[in-house]
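Protein chains in written order, with our numbering: chain V, 1 to 339; chain H, 340 to 1002; chain U, 1003 to 1324; chain S, 1325 to 1599; chain Z, 1600 to 1744.
Each hint can be trusted.
Quick look at which bits of chain H chain Z covers, simulated, 3 or more residues with Cβ under 8 Å: (1) 402-413; (2) 431-438; (3) 847-854.
Subject to a maximum C-alpha distance of 20 Å in a straight line, what follows is the list of computed SDA-like cross-link-like pairs (lysine to any residue): (4) H:K1002 - V:D256; (5) V:K214 - S:L1592; (6) V:K73 - S:I1331; (7) H:K934 - U:R1303; (8) H:K447 - Z:F1606; (9) V:K164 - V:E182; (10) H:K547 - H:D500; (11) S:K1582 - V:D103; (12) U:K1285 - U:R1303; (13) H:K1002 - Z:F1606; (14) H:K390 - H:S428; (15) V:K333 - V:F222; (16) H:K634 - H:K655.
A short list of chain V residues far from chain U (calculated; beta carbon distances all over 12 Å): (17) M1; (18) E70; (19) Q149; (20) E211; (21) E220.
Calculated directly from the structure, the hints in this document are not laboratory data. Here a beta-carbon is modelled for each residue, glycine too, at the ideal position from N, C-alpha and C.
Take a look at the letters that make up each chain.
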Amino acid sequence: MKSISLSNLPELLSAIAAKEALYLPVDTKEGAEYKAYAEGDSLSLACNTNRSAKDFFFPQVEDMAAFKVEGKKIEIIDVRKETEDFVIFGARACDVKSFEVLDRVFLADPVDTFYKNRREHSTVVALACSAPEETCFCSSFGIDAAEPQGDVSAWIAEGRMFFKPNTQKGETLLSALSALLEESDGAAVEKAKEETRTIMGQLPLQNLPTEHFKPEKLMEHFNDPKWKELSQACIGCGTCTFVCPTCQCFDIRDFDTGNGIQRYRCWDSCMYSDFTQMAADQPRHTQLERFRQRFMHKLVYYPANNEGLFGCVGCGRCLAKCPISMNIAKVMKALGGDK
Amino acid sequence: MQRIGVFVCWCGSNIAATVDVKAVAEALGKEPGVVYFEDYQYMCSEEGQNKIKNAIRDYKLTGAVICSCSPRMHENTFRKAAAAAGINSFMVEIANIREQCSWIHKDKVSATEKAIILGRAAIAKVHLNAPLTAGESPVVKRALVIGGGIAGIQTALDIADAGFEVDIVEKKPTIGGKMSQIDKTFPTLDCAACILTPKMVDVAQNEKIRIFSYSEVDAVKGFVGNFKVSIRRKARFVDEVKCTGCGLCTEKCPQKKVPNEFNLGLDQRRAIYIPFAQAVPKVATIDADYCTMLKTGKCGVCSKVCAAGAIDYKQKDTFVEEEYGAIVVATGFNPIELKKYDEFAYSQSPDVITSLEFERITNAAGPTGGTLLRPSDGTHPKKIVFVQCVGSREDGGGCGKTYCSKICCMYTAKHAMLTREKYPDTEVYVFYIDVRTPGKSFDEFYRRAVEEYGVHYVKGMVGKVSPENGKLMVRASDLIEGKQLNIDADLVVLAAAIEPDQSARPLATMLTASMDTNDFFTEAHPKLRPVESPTAGIFLSGCCQGPKDIPETVAQASACAAKVIGLLAKDKLTCNACVAHSSEMLCNGCSTCEKVCPYGAISYEEKEFRMPDRTTRVRRVASVNPAVCQGCGACTVACPSGAMDLHGFSNRQIMAEVDAICK
Amino acid sequence: MQKVIREKAIELLRSGKVDRVLGWKEGEFFYDQTPHLFLSPEEVERTFVYNGFSGANLSKYLVKEGLKEGVVAVFLKPCDTYSFSQLLKEHRIARDKIWAVGIPCEGKLDIELLRKMGIRGIKTIEEKGDELLVSTIYGEKTVAKKDVLAERCANCKSRKHVLYDELLGEEGEVLDSARFDQIEKLEQMTSEERFAFWQNELSRCIRCNACRNVCPACTCEKCVFDNADSGIASKAPASSFEEQNFHIIRAFHVVGRCTDCGECSRVCPQGIPLHLINRKFIKDINAFYGAYQAGENPDERAPLTNYSTEDMEPGDVFKKGE
Amino acid sequence: MEKEALIPEIGIVTDIRIDTPDVRTFRVVTPDGKKPFVHIPGQCAMLSIPGVGEALFSITSSPTNTEFMEFSIKKCGCVTSFLHSIEPGQYVTIRGPYGNGFPVESAFKGKDMLFVAGGIGLAPLRSVINYCRHYRENYGKIDIVYGSRSMQDLVDYNEIVEEWCKEDGISVHLTIDREQPEWDGHVGFVPNFVKELQFDTNKTAVLCGPPIMIKFTLAGLQEMGFKKDQIYTTLEMRMKCGIGKCGRCNLGDKFICKDGPVFRFDQLEELPDEY
Amino acid sequence: MQIEEKFEPTIVAFCCNWCSYAGADLSGTNRLQYPANVKIIRVPCSCRVNPMFILRAFQRGADGVILCGCHPGDCHYTTGNYYARRRMTLLFSMLDFLGIERERTRVEWVSAAEGAKFAATMNDFVATVTRLGKNRRLEDLRCKK
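Bound-form chain V, shown alone:
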């Protein structure tokens, strides 16, 4: 295990940034946000960022192709570019887990080359949580905030930051920084992990009921009368889906720039009334169906297709951000609680 004194962390960040693009959470007046590193930026110690880390691999807006139209003729221009290498420094365990959730969608055949390109060029340095929030419930999905995955796992303990490489990419990163790092044992880390786990144990939502959400109960959950009550206050905005690290629905749209057509994809939300709107039909015609779709997808559909892996990582962003404070925790309690 490698480590660096927190007071030397700026030098480490500088060194990474000198090598490749570096993104890290920094504190802003509206909370922590990921941003491209600039000299002097310091790592936010906030539990989590407003926006999730999915933006790095699945940005909100992304050009897919361009078209030149002249008369009846069309020319397709491939606008894809090889992404530069980059490091995400300080992602939390939940966000790191979300990458796995996204991978199973975007890297499934046929692979999404836009996503894959970014994923391949990234190195994720995951930082263990030390001060989780009341909205955190990653443990409900079996995620250990004290033991984040990623290419490198990192911990803060006793005034130092500790690093453990998990992958080849992680090894490469750390070895490039070896001049700044010291070899240390993991004793302090183990203590920090324990502390984190103790706090996790006190969180009000740490044990949300998950055992009921089995594929075989799909129709039972689908037809649960509770959806009506749960969904009735939903205003149909896309906040939960846009702050969610695992929501990956998208829309493909064309934009006429005046000099050609740009085809881009952008985040879409299953909560939007026009999400499934067709020319003459709308299969999910009220907010109930749309609301149900989102939570069924996270809790039942996605696990059914992915060996039981839930589509939620318990980051708690939707709990903090939903305009009406309706969220997956309340849904899980209502649906999966003792009936």
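Chain V is fixed; fit chains H, U, S and Z onto it per the hints.
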């Protein structure tokens, strides 16, 4: 995808000299949807139009873009041509590359480039054009004439003569207007009353004409062919039907001190009165401002003497609701208020009078019985000074008008001539800036005044008139002699500028008819549609449109009647095709659009809809009456949901033009 | 107050006067209440809450509720009544289906302000007079309420209810608020500074449409930005222009209709002070065309459906002080 | 860079056939005149006009046609309206094939087939019908019930009359909703017609058409004794990607674009009815 | 030596059909010059101009947008320009508030008789916008060539 043809006009060298028309045609030929392009010397010519028609047929065009002069010139020409070739006329768009391109630019490169962009914008618009059909609305075969002066009388008579019903609304107790106050008319010097009063009688006797005297238009709703007008019949406290016009009451009324407006306050009348002997309708009216009975409840003389029992002190204003197909505005003029013209001492001396007052003084039915006497002391004036252009042709900023009142030169010549003829011992001076006498026999008339009657015409302006010892000291300059003149006049007559009647502005608002800054009604076209207002169904007769003399007024009145008859002769009217329309599924029913519609064209209804969520819902939605909508588009911007849009100028069409221009 | 309101809700339901009660339902924590339709007195007893975090303006739900059978009772804070009245003016609500109960408001609290104070891991909050007792995973904290008062409440414009069927508690007054101070501050900046300010704010927009969907003035059947036929449909902040365009057009569409309830800023997950845009329009209207408060007077013509021949010219806006 | 599924290829519309007042059939080839890609009956492709939009259409032509691909498209939305306004020579973009397609080489093999279609619902069935005709020996007797509003609204009328009707082992049963002077065939709705025809229950049935037709035909067939696992349908789709990623076309845990659009009714029964 | 290319702004002028478009025609008839940068879009009335058209123009590359209508009081539709005046007053004030240069937008009342005023207005506006330089604050980078 439209199949668009592009036709670039050279307009001789008007366009071709500054814009490379061939390059424009070729560049536009590459635009999406353009399947045909050509350029030609004169697209608006028979041959040019044939080229368009042929191309539409041969290339199965669905739309056409004409790069030519302003659409205000030939849009209709090209639309008709397109329609003749079988496509909807609204599938044609004009790119204005003459007035807004070739004529304002000198550099051929940039002008050509701009012409291409303008063409592109038109093409972009045509892509989104849809065939439009104008709706139809029925026509109420009755006209309303507002104002009962000679203009209104002539228009009403002509319309009635064609067999249509006409109502005249006159705010005064009698029709007749200004002409009834005039003594003689130039240049023939026949007596105004002699030619006017028979016409007034004709009006009274015409079965097709109703006169609402002592009435005003209170509210106007509706639109061309279907106006709904509310007329306020002011209480005259005399039953019009019962009153025989015997005039006994007007002799017996004890209240004698009422300024007589017919004689411009130069004498007095009673509180109950008939304005003048030949009044139509010949019915008495009680002046509520002066009647002792109405003010104090004590008197009742008129009621006692009226054998017909026509007096009704309890009479109230009543309202008549009537429908009309057309409305004629004939609200006439007034001389301007001269109080502000201190330099002419109008307020200081009763012997400084206006020309209209002069008319009354010389009129046999006037306050002096037709003898020219000074209002102050009743003596014969020996020296009279006429001042022209009082309040006319002034620079902006003064209290007068910038325009020429047009009639003053002639009536002043008339006054001067008549004075000299009747009272040869009187010296007459006329001060003028210019003497304007274009008109049949006008200049001869003026020359007679100077040459035969010895009127002193002095080019120059009067600087000051000051009353001194019963005389009026007139200080003036003679611009030709280059000297200062001092005249001790007995009487000074001011040719006051004329202005539209005060009632015109509120009326214009009711009619949604536009006015110029001087409150004259604007014509639909200053040259080609001089008797119509831009607001459909509103016609203009007489001085409400601009200063005119009697023959001109009568000519315009008849022209106006012809236009009205043309309208009333139709059973149905074709409406504006470029009207607003509301998408019911998008409409929120918020009523915002309704509030900004100047025509009341938008109404709301509750309708049942099948909603996207598969429920049925009763919703309040807007609907536009296409017969009423004039297509301004105010509602389209007021509408937050985008439900309201305008045919022919839709959001998408305009944005497509924006896109094409900014590209 | 919560007790009085609960009793009123129960009474209304029991008496059969109303079929449903629209209120706030308690959440997992003290602050995360959800607007909720209560159908039974028992449910009210169990989960109806009204406290410093009952911030949601319930009036917009009445659009939907008015379409249903039966009568719904709704609890409206003073500023919510303005929205309610404005919605009625726009014919968006069936008045006879609504039983509006005015309730007093001492100002609502902003959980984000608590978080900004560094208070984390909040387990429970207790209101004690002017103070909040916050118990967190990391210890107890005491906070003065006024320090976490939501911006819109710190600059409250009115504690008067403009419309209701019955009122609980005392009626308040229209207040002399300092709500335009921040606008003035921005106005005094240079154009460049203002641009930088708004770029920083608007660039954070993720177009989640929370501001629009929560806004009681945004009740269009279909928003122009969702309507493919409108020509300006857009779903994402695909360029800085799209960010500006969405917020400008949205604000313009609610000119003279926005009651300044502040919900847009409350719900923005990115903390963009969207109310400033709407408030700028309100300030301009007041300055240019005379004081106008949307929702206050149902018969008054809104500024954009009205005019005076003497109105100022667009260019005159900038002539002052130059 | 490796091939991206979401980036389309160029297709050229070489021929446009007007089938009915609102249905046209478009022939699409690659710029070098070839068939865009290989597919199986029931699969779909994404066509787009840049700037107008992209939409999914079932491939109407049979895989046995190796020269070009055909799409029968009804005018109903933005993209389809545009397609209806184009002329031959127009470029489009195309990507695919998407979906599972009909089990022509497995479940259908050796079976008597009953195809029931209404209106534009014939479009996806034409592909499989022509496939079965081409490999006639692999399939049993073929019955085709096809109905539309009017005679003018029958898609592929010429091909049906000139080719299908004349082939042995194929029975074509046409119907229209309302009487028409020039029509001497059956009049009535498809579900009723199916009931009147009373088919043997040893057939495999494939239904495609408006939801209401599907609903009643399904009920009718079940009444006759058909089991749900004998009846297939192909669902209409709302989708952007076609490859199970954009997230809109799922029925429960199944994606119509990937796991469908062809479903057996016994499978559908186990899924939420959000279609 | 480097030759700096002269900045040629794109100017969109919305002109009402009855007054300002005719005024523009008149300035053509009188051969009064103004720069070719100005491209006119004809609308029935100034009240037809939706704020979204103006923003759209900036998005698509306009550097200045001017709206011309009949003088207040002379609207062909009586009241249209009064509404337009309020809308544009508020919109332009808002654009300024958001930090968009206030000189990029303008409203001018031009009657059918004011050909000279039209040309003078356009000359002035083009000069003003040229001085300001390219529109950067309301641009859409996607629409740049």
